[in-house]
Amino acid sequence: MVPRNQTRCGDMDMIKKWAVAGLLLLSPLALAGCWDRKEINDVAFVIGSSVDKENGMYRSALQIALPGNLGGAGSKGGGGGTSGGKSYYLESKTGITLRSANMEIQAGNSRNLSFSHRRVLLIGEDFARDGIAPMLDQFARIPQNRLSSLVAVTSGSAYKILDAAAPMEQFSSEMIRELINEFTKRPDSLKQLVNTLMTDGVDVALPYLSIQEAVPPGVGTSKNNIQVTGLALFDEDKFVGALEGQEGKIINLAMNQAPSPDIIVDGPGGKGHISIRFSENEAKLKPVVRGNDITMTIEIYAKGAVYENDSNSIISDEHSLRDLERRASEEIVDKVQLAMRSLQHKYNSDILGFGRTIYEHDPKAWQRFKGNWKKVYPEVRVIVKPELHIENIGAVGKPFGRKEIRND
Amino acid sequence: MKKDGTTPDKPRMALPTGRALGLPSPSLDKVPIQKDLKVNTEMLKDIFDDCSDMVYRSMEVAPGVEGLLVYVEGIVFSEELQIHMIQPIIQGLVRLKNEGDESKEQDPDLEPLENTRVSLSQVNSATMWGDVIEGLMNSSAVILVDGYSEAHLFNVKGGLRRTVSEPETEAVIRGPREGFTEMLRVNTALLRFKIKSPRLKMKSIVLGTETKTDVVISYIEGLANPKMIRDVEKRLKDIEIDGILESGYIEEMIEDHPYSPFPQLQYTERPDTAAAQLLEGRFAIFTDGTPFVLIGPVTFFQLMQASEDYYERFFITNFIRWIRYLFVFIALFLPALYIATTTYHQDMLPSTLVLSIAAAREAIPFPALVEALIMEISFEALREAGVRLPKTVGQAVSILGALVIGQAAVEAGIVSAPMVIIVSMTGIASFTIPRFNLAITVRLLRFPLMILAGVFGLFGIVLGTVWILVHVTQLTSFGVPYMSGISPFHVQDNKDVFVRAPWWKMKRRPSWASKKDRVREKKEINGTPQSNKVW
Numbered sequence: 009m010v011p012r013n014q015t016r017c018g019d020m021d022m023i024k025k026w027a028v029a030g031l032l033l034l035s036p037l038a039l040a041g042c043w044d045r046k047e048i049n050d051v052a053f054v055i056g057s058s059v060d061k062e063n064g065m066y067r068s069a070l071q072i073a074l075p076g077n078l079g080g081a082g083s084k085g086g087g088g089g090t091s092g093g094k095s096y097y098l099e100s101k102t103g104i105t106l107r108s109a110n111m112e113i114q115a116g117n118s119r120n121l122s123f124s125h126r127r128v129l130l131i132g133e134d135f136a137r138d139g140i141a142p143m144l145d146q147f148a149r150i151p152q153n154r155l156s157s158l159v160a161v162t163s164g165s166a167y168k169i170l171d172a173a174a175p176m177e178q179f180s181s182e183m184i185r186e187l188i189n190e191f192t193k194r195p196d197s198l199k200q201l202v203n204t205l206m207t208d209g210v211d212v213a214l215p216y217l218s219i220q221e222a223v224p225p226g227v228g229t230s231k232n233n234i235q236v237t238g239l240a241l242f243d244e245d246k247f248v249g250a251l252e253g254q255e256g257k258i259i260n261l262a263m264n265q266a267p268s269p270d271i272i273v274d275g276p277g278g279k280g281h282i283s284i285r286f287s288e289n290e291a292k293l294k295p296v297v298r299g300n301d302i303t304m305t306i307e308i309y310a311k312g313a314v315y316e317n318d319s320n321s322i323i324s325d326e327h328s329l330r331d332l333e334r335r336a337s338e339e340i341v342d343k344v345q346l347a348m349r350s351l352q353h354k355y356n357s358d359i360l361g362f363g364r365t366i367y368e369h370d371p372k373a374w375q376r377f378k379g380n381w382k383k384v385y386p387e388v389r390v391i392v393k394p395e396l397h398i399e400n401i402g403a404v405g406k407p408f409g410r411k412e413i414r415n416d
Numbered sequence: 002m003k004k005d006g007t008t009p010d011k012p013r014m015a016l017p018t019g020r021a022l023g024l025p026s027p028s029l030d031k032v033p034i035q036k037d038l039k040v041n042t043e044m045l046k047d048i049f050d051d052c053s054d055m056v057y058r059s060m061e062v063a064p065g066v067e068g069l070l071v072y073v074e075g076i077v078f079s080e081e082l083q084i085h086m087i088q089p090i091i092q093g094l095v096r097l098k099n100e101g102d103e104s105k106e107q108d109p110d111l112e113p114l115e116n117t118r119v120s121l122s123q124v125n126s127a128t129m130w131g132d133v134i135e136g137l138m139n140s141s142a143v144i145l146v147d148g149y150s151e152a153h154l155f156n157v158k159g160g161l162r163r164t165v166s167e168p169e170t171e172a173v174i175r176g177p178r179e180g181f182t183e184m185l186r187v188n189t190a191l192l193r194f195k196i197k198s199p200r201l202k203m204k205s206i207v208l209g210t211e212t213k214t215d216v217v218i219s220y221i222e223g224l225a226n227p228k229m230i231r232d233v234e235k236r237l238k239d240i241e242i243d244g245i246l247e248s249g250y251i252e253e254m255i256e257d258h259p260y261s262p263f264p265q266l267q268y269t270e271r272p273d274t275a276a277a278q279l280l281e282g283r284f285a286i287f288t289d290g291t292p293f294v295l296i297g298p299v300t301f302f303q304l305m306q307a308s309e310d311y312y313e314r315f316f317i318t319n320f321i322r323w324i325r326y327l328f329v330f331i332a333l334f335l336p337a338l339y340i341a342t343t344t345y346h347q348d349m350l351p352s353t354l355v356l357s358i359a360a361a362r363e364a365i366p367f368p369a370l371v372e373a374l375i376m377e378i379s380f381e382a383l384r385e386a387g388v389r390l391p392k393t394v395g396q397a398v399s400i401l402g403a404l405v406i407g408q409a410a411v412e413a414g415i416v417s418a419p420m421v422i423i424v425s426m427t428g429i430a431s432f433t434i435p436r437f438n439l440a441i442t443v444r445l446l447r448f449p450l451m452i453l454a455g456v457f458g459l460f461g462i463v464l465g466t467v468w469i470l471v472h473v474t475q476l477t478s479f480g481v482p483y484m485s486g487i488s489p490f491h492v493q494d495n496k497d498v499f500v501r502a503p504w505w506k507m508k509r510r511p512s513w514a515s516k517k518d519r520v521r522e523k524k525e526i527n528g529t530p531q532s533n534k535v536w
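Those sequence lines, one after another, are chains C and V.
Under this note's numbering, the very last position in the first sequence is 416; numbers go up by exactly one each time.
Under this note's numbering, the very last position in the second sequence is 536; numbers go up by exactly one each time.
Wrong hints could be hidden among the right ones.
As the list claims (entries may be wrong) - Simulated restraints on C-beta separations:
# : chain 1 : residue 1 : chain 2 : residue 2 : range
1 : C       : 38        : V       : 403       : 41 to 49 Å
2 : C       : 229       : V       : 400       : 45 to 53 Å
3 : C       : 31        : V       : 260       : 15 to 23 Å
Treat the hints as calculated values from the structure; they're not laboratory data.
Just so you know, even glycine gets a beta-carbon here, dropped at the ideal spot from N, CA and C.
Start from the sequences, fold in the hints, and give me the full structure.
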């Protein structure tokens, strides 16, 4: 072959250049390498974890996925299917810190624990009562511990909920994650939780989980499932109580966190019930500060449709619709006022962020309340102003399947 | 018949014979043909000793004048030879004999032979043996006449060659169906049919000391950069090799960066592709004996274009072009990314995906890298076997292949199902690259990337990518940067890089074409009705 001058000239220079470039490129290779390799089947994926208190120690329970029992092709023969068909393996140990408890679990595990796929972090209510701030550090310190895990407080011990049956999903963690997603518009991840903790004038509220009977007692084998039953309220980082049932749901609406709440209103004349689903809703806080007198207006704007009417009255005409809207508004005002009373007086937990709203609207005024906000908060006057629009009553005008129909 | 009085042996003794020298032609260039036919016959038989395809036919060209017709069987058009040469000579001889023209007999002029009797168009005469041999090898029939030291060469190129058929390597849905053949002149004609301009030049060069392969550099004068054409000619002329059997020989010897895995010349079987490239100011190198025509200079993006891109409407073309770019990325990176994420960065994958991969990999005995290499190499082997095997056995390969890269391998617990999907995806992806030489490069580069991913994770992939990018941006093809269009960036060129602008928008030729004549379309015409009164 004929060497061509134009490409061959300056061979030495080129070699030098390449050698230098090569060395520079090679040097960072020492930083990484196959010694960091972690084959996917040498990793134990923690998909959910819980924290409880036990004799002054941390009890950590980890829900570890068992890929061998997940039913993947070719996985029939392999895997460490230890827990008889369950797709996860739950292990719990105690330690003086959360990390040490987890390391205790690691000590008994053949695979490397990986927390990067943790879906939920459950906090037992006893543990939460003593404050959750001390355990949070390790989540942020190691980036592998995802801050996007969702957080919830459980009634009773958290590890019991982790081990509860979740027949629809492969893991109870996955089920809890879906439940929380359904319960709130913007679910609280670890990151948001810390954010709220650090913000003045607002307290943390987390979903409150408990185990509920799924079938009436005595019917076949008893079945339990996990449910979001309310809101866990915090004062600073300490759990102070849960707002359960209708109160929890309505406060969720007032917090602008309810995806599409159902409101049940008594039928006209007090007979029967009408349920309205507000698929579009928004709640806003409007503070008015006069001296030391604070009035907080909660404006709730919602659009909805009638989903059920078990009374025998027609609701399709303009007049009865307006009437329905009015009664639904009254219902919301009553419920929110009731819930606010317990928030302000019983728990003294500012989960709606009244303080933050005042700070946003009137930073100077906030400086006055900042120091003793917890004392001022119960005295805040709350006005609820709902603006409801029922736009749709469904496919039937008259109550379906009724002989006598009231029209008033 | 020894009119010049020399003995028949003398020239034989004086001249080195073909056999003795090994390379007959150069040494015989300057050796003159003798007058004595017997001497000449001996000479020829000596040069073409053991060449059973040589045909020697003694014939009387004029009454009493002996002649010898020599040709190589098979490479000449024998019918033509029969009708236009042998028949007229014999008939003429009969006529001459009947006339009994004595003067003709005594002074048989050869002039009438080629002018009046042989009705062939390409006639040459030669006085040196070198020319005679070259002529014979180039499908000429040679007539030697006793008493004359001049040979007459009649070009009767022929013999059985493939006819023009549909190109198999570059199929299109819409577009011409004809493809180049193994015959150079057919190929140049196919191009000439497309570009009917005297500016279409075809410079001829003969390469290969043994094969004497005709090579033609074709370009359009005024569109191609004249400097580049001179450079190409020089590079071609510098080639000294015994034989050129395929354009690949030439490609490797004239490319700018012989050590680059990236192809720096395009090859095509399609006359329309060649014509389109010439119109963009490129050159084409035709090589006799192969349907593959080399085209240069090329850019990376040009190799990502199929001829159909320009025949189909631009919406479709753009969509398909983007799919192609996406799949080049997949073909190059997918296995590497899979290895890196599953062995180092499990936290990067969505939780459900990581769990299903983990479930599938649960019983697999190999690390992901080994698994991937096993599968990718078996895939390449399968592909290679499919190309080489006779078509009748091909079916067996596809059945076995489906077992190896498929369910059976998964069920045996040797490879995981996700890996089968990854390998199949990569396989399909690499087939979407329109130019096979680029596709093979991408396949090749996948392996170092996979190893880098297996050893260093994503960091390794980044390193490999940087290396490829650095390499590709400094590559040139006949002085044109490989990444032309984006590096160096040129707005006009970008009408045909990531998008294919409609034809009425591509008004200029690419930036590397000759600077003088860049305008392609004088006016933008896009069918907007000029007058509403038409209907």
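Now for the hints, and whether the structure bears them out:
1. C/38 with V/403: 41 to 49 Å: The hint (41 to 49 Å, Cβ to Cβ) holds, given that residue 38 of chain C and residue 403 of chain V are roughly 44 Å apart.
2. C/229 with V/400: 45 to 53 Å: holds, 51 Å
3. C/31 with V/260: 15 to 23 Å: holds, 20 Å
Violated hints are absent here; each numbered hint is respected by the structure.
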